[in-house]
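Given the coordinates of chain A, assemble chains B and C onto it according to the supplied hints.
Chain by chain, the residues:
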Amino acid sequence: MSFEGLPRGSAAKKQSFLERTYFPEIIRGLVVTMRHLVKNILHTSEMPTMQYPEEKRVYGERFRGRHRLMQREDGSPRCVACQMCSTACPADCITIEAAEHPDPEIEKYPASFQIDLLRCVYCGLCEEACPCDAIRMDTGIYEIAADSRSSFVVDKDFLLNNTTEGTL
Amino acid sequence: MAKLTIDDQEYEFPDGTSLFEACREARGEALPHFCYHPDLPVAGVCRLCQVEVEGMPKLTIACNTTVRDGMVVHTRSEKVNKAVQQILELHLINHPVDCPICDQAGECGLQNQYMQYGLYESKVEIQAKVKKHKAKVIGPYVILDMERCVLCSRCVRFCNEVTGTGELGIFNRGDRAEVDVAPGVELDNNYSMNTVDICPVGALTSRDFRFAKRVWMLKSAQGVCPGCATGCNVRIDHEAGRIYRLKPRYNPEVNGRWMCDRGRMTYKQVHSERRLLTPLDGGKDVTWAAAREQLARMLEGKPPALAVVSPHASLEEMFLAVKLAGAEATVSGPANLDREDGDDLLLDADRTPNRRGLATLGIPELQSGALADRLRAASGPVLVLGGDPARDEAVAGAMEGREGLIFVGDHDGPTAQAAQLVLPAAVWAEKAGVFVNRMGRWQGFQQAVARPGAVRDGWRILAEMLSLTGAAPAFESLRAVRRGLTAKVLPEGELDMDRMPEFGFMPAGGER
Amino acid sequence: MTIVYESLAKIGFMFAVIMGMVVVLIWMERKGAAFIQDRTGPNRASIAGIRLAGLIHPVADVFKLLFKEDVAPANRHRALYNMAPWLVMTVALSTYAVIPFGDFLTVAGRRIPLVVANLDVGMLYILAVASLGTYGIVMAGWAANNKFTFLGGMRATAQMISYEINMGLALLGLMLVFGSLRVTDIAAGQADLIWGFLPKWGVVVQPVGFLLFLTTVYAETNRNPFDLPEGESEIVAGYHLEYSSLKFALFFMAEYAHMVIGAALIATLYFGGYQVPWLPRPALEEHAGLLLTLLLAGTALVSVLISVAFLRRAGRERGKFGDARDREPGMGAGLWLIIALAALAGLLQNPWHIGPSGAEAFASFIQIGAFLAKLVFFAWLFIWVRWTLPRFRYDQLMHVGWKIMLPLGVANLLVTALVMALV
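Protein chains in written order, with the working numbering: chain A, 1 to 168; chain B, 1001 to 1512; chain C, 2001 to 2423.
Just chain A, same shape as in the assembly (with noise of 0.2 Å):
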């Protein structure tokens, strides 16, 4: 193989007999990561890992977490089904069925709203899209397991008692 004409990096450098024999660097390079492994051993507590299910990090209250669909006075949704959400949607992971509302002042609203969970990237784009304050992703339950691809489907019952507390 040839190499010529291309740019000659640091191994082209002119190197002492000793350095290209390897061997001193490799030495430096064991002591580097025993002098790591000496320090974790006598000081575990001061290592950075966090224990996850025990300890938890605090995040910060703009964190997005898993969505909810806010709720007028009397419990329905307060979404109209105007889909701002899922058109602003990168994942394409909304999907809304609209009706007819029994009461004309409302006229529309969605007959299913579902989120995949799976698909979601969590950007917050449906938040801002909303005209209504509709979706909020301000739960901050990023702990969302399922054991079927199905049940992270999640659907509008579930998006409207999904309160700020509680877990999937």
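Because the hints were derived from the structure by calculation, they are not lab data.
Ideal placement from N, C-alpha and C gives every residue a C-beta, glycine not left out.
Warning: the hint list may mix true and false statements.
Listed next, with one range per pair, are the computed distances between beta-carbon atoms [unchecked claim]:
1) 1112(B) x 2390(C): 37 to 45 Å
2) 132(A) x 1343(B): 24 to 32 Å
3) 2390(C) x 146(A): 38 to 46 Å
4) 1116(B) x 63(A): 47 to 55 Å
5) 146(A) x 2074(C): 24 to 32 Å
6) 155(A) x 1240(B): 55 to 63 Å
7) 31(A) x 2074(C): 43 to 51 Å
8) 52(A) x 2060(C): 15 to 23 Å
Using the frame of chain A, we list chains B and C on its own:
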């Protein structure tokens, strides 16, 4: 001819041209407008299309002005823009701005023109808007939201001038003025949904399309309405394999900018429960491989004894049927099916899209008795292409208990029930093809949505049957079929069917 | 018959040592890597809340792998695919036959040499068996019918051919110095001192040979920086990509078994094997009483210190987890205290006067202990190097093998032969 200057450039237009159209040509885009419509009489009520004409003391509306020699017109001046902005602001005083729940959002004149010319902060401090009736059902297909109305009167003019039925009118005056139907009257003429199309805002919306989909999510394909022999050009709006609505597509030779309500509802047959989705052998679902084996057993390497071609099939499919069975053994009918009352606007009494195509290929059309006789006389397998001829009693009687009936069709019905082998074929929105309308105009349509289930394109099924009979040449693409078709019925080089002209193709001497 | 029982006992001992070491090495690898990278490493698996600093994890891993579904590619070569992991494992285990883990042990008046098979051609046996391991890898790579496994197998072959020669050359030098192909002779020969103070270890008499051998052992065991057959960044997992469940576990354990052989070979051939430096066997037997007393006293002292450390941790972390894990420091303190008490009890038995037969047995156990200690150190070196050095590029691997190590090996052999002829 009138020579005039529009936005510092010289143009020449024939005398009598509307200044609005002259400006549209000069600018490359229309002036802002609500009430102007090229197919309706000028009303001049919205005042949006005002332009500055030198020598005139005030701005003037372009729609109600004709071009004059030596005119100097400014359409983009400060003064014009300010006028448009102020008129829009006035329109929005009482507008509910309920775009989130409005079906027009995305194709709304008020929205678009506000984004282009407006973008102002409202100066109106009083939030008490005039309340009018919302969501009032005024006809079988149309729903009215009076708060959104800008009183352009297009719908009223349409009902007065185009259909002549005059259901709509404007009642009251000032900010209480309303478009409405008179008490006891319904907007139920067969062209009522054109008012939805021409309504520049969300005042008149379709009940059929209501809340079904946001318009910006829809994709469009060019189609031809299969509802009658007129063959109105349509835009098929669809998304994710589902058609949501049909809209008229401009064709000055056929339908102008209109189409009828019956035609708009033809998309429902595409998603009908009665669609045939898998091949059926003796009434049982089978795979295509099994169906092909059965087909080979039935044909025994020979062409079918008779092919009954429906006027619902595309021209390409008809051509392949003739190729398959031979000109002598290819017929159509019964001729009395699918004939209802028409009107003198667009709807034709013949409710099939391609009856003229049969004549183009020289396929004779038989009355029901004659067809029944042919069916009884034919010994060997019979191919029925499209439609549902067994809806006719005489034909049903001839088909009953008959062996070797092969039905290439799309919907379940008496014919599918009577057939030994059913091969599911695509309907008009699921395939590309050509219909010949009642005037003899060839009109191409595109595939809009994917074929459901195991449905296949009709020409492919027929081409496969053709290869089973060992006939040459094999047709391996729709392009090849079309080349064979044009070579047969048209002079060399007259038409490339893959590049159909925008408004369709009229062969020499095609007019009825 | 006795000889059969003896052999079976020795085989069983070696087997237990290797499999035990495999478990310990997996733990050392995971925990060592973690600490080197400032992580805590495995610390979750537990039996009744006792985690043994993560030692339960390898055990849990074994059970997990045993019960996993065995997913195999449809178009594999069935026989070779099934045979490959067993071949690799068998080869890994059989090298131990010729490695002495002690000098001898006298049981019921019989002097039992502590080696399974004291072959005349032990060195050749090592070279022969080591190269058989490649067959398993190539079989696995080919039989799985996958491009990546195939590439892994190809790399393993090419690497093995290149480095086997260097290994042979390095060992030839050693054979010249000790004048024997018998591994026990080489181990015994390293008990002497040069100039009265320097142990006559292989590494002292053959420093260049040692470096060559060390490098080639890394290459032969497919450990970093020579783990190109696995090369997860380029060829996913290399030759064992298509293996799962027990078959994968076999490959996994074979890798560690190979490491144990590598470490045992380095220790035996270059670091005196079971020899304790400056304390040859007669000296060990002579001072047995003193050494045993010192050993017990030291054990007691260290155990008490560890126990105290555990107690302090128990006080510091009281109720930290709120479950069984909180009992760990207390139990650790108790365990080490029991060890300390046992050592003290031993001291009370007057270990100074253990008698000649006791002294002989003591010397044998000290030598086995020395061998195991060296083994563990060199096994740790494998892990240490792995988490320090990056992997070679393929062309670098070939360059080092053929253009640097081969000439060096030949030169080393010539110089050694010359010196041997002159002295």
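Residue 63(A) and residue 1116(B) - C-beta distance against the hinted 47 to 55 Å: About 39 Å separates the Cβ atoms of residue 1116(B) and residue 63(A), which means 47 to 55 Å is violated.
Outcome for the supplied range 24 to 32 Å, where the beta carbon pair is residue 146(A) and residue 2074(C): holds, 31 Å
Range hint compliance [Cβ, residue 52(A) to residue 2060(C), 15 to 23 Å]: Because 19 Å falls inside the window, the suggested range holds.
Beta-carbon spacing of residue 31(A) to residue 2074(C) - inside the hinted bounds 43 to 51 Å or not: holds, 50 Å
Cβ distance range 38 to 46 Å for residue 2390(C) and residue 146(A), holds or violated: holds, 39 Å
Satisfaction of the hinted span 24 to 32 Å by the C-beta atoms belonging to residue 132(A) and residue 1343(B): Roughly 45 Å apart at Cβ, these two residues miss the hinted range, so it is violated.
Range hint compliance [Cβ, residue 1112(B) to residue 2390(C), 37 to 45 Å]: Violated, at about 60 Å.
Range agreement (Cβ of residue 1240(B) with Cβ of residue 155(A), hint 55 to 63 Å): At roughly 19 Å between Cβ atoms, residue 1240(B) and residue 155(A) fall outside 55 to 63 Å, so the hint is violated.
Violated hints, in rising order: 1, 2, 4, 6; the structure is consistent with all others.
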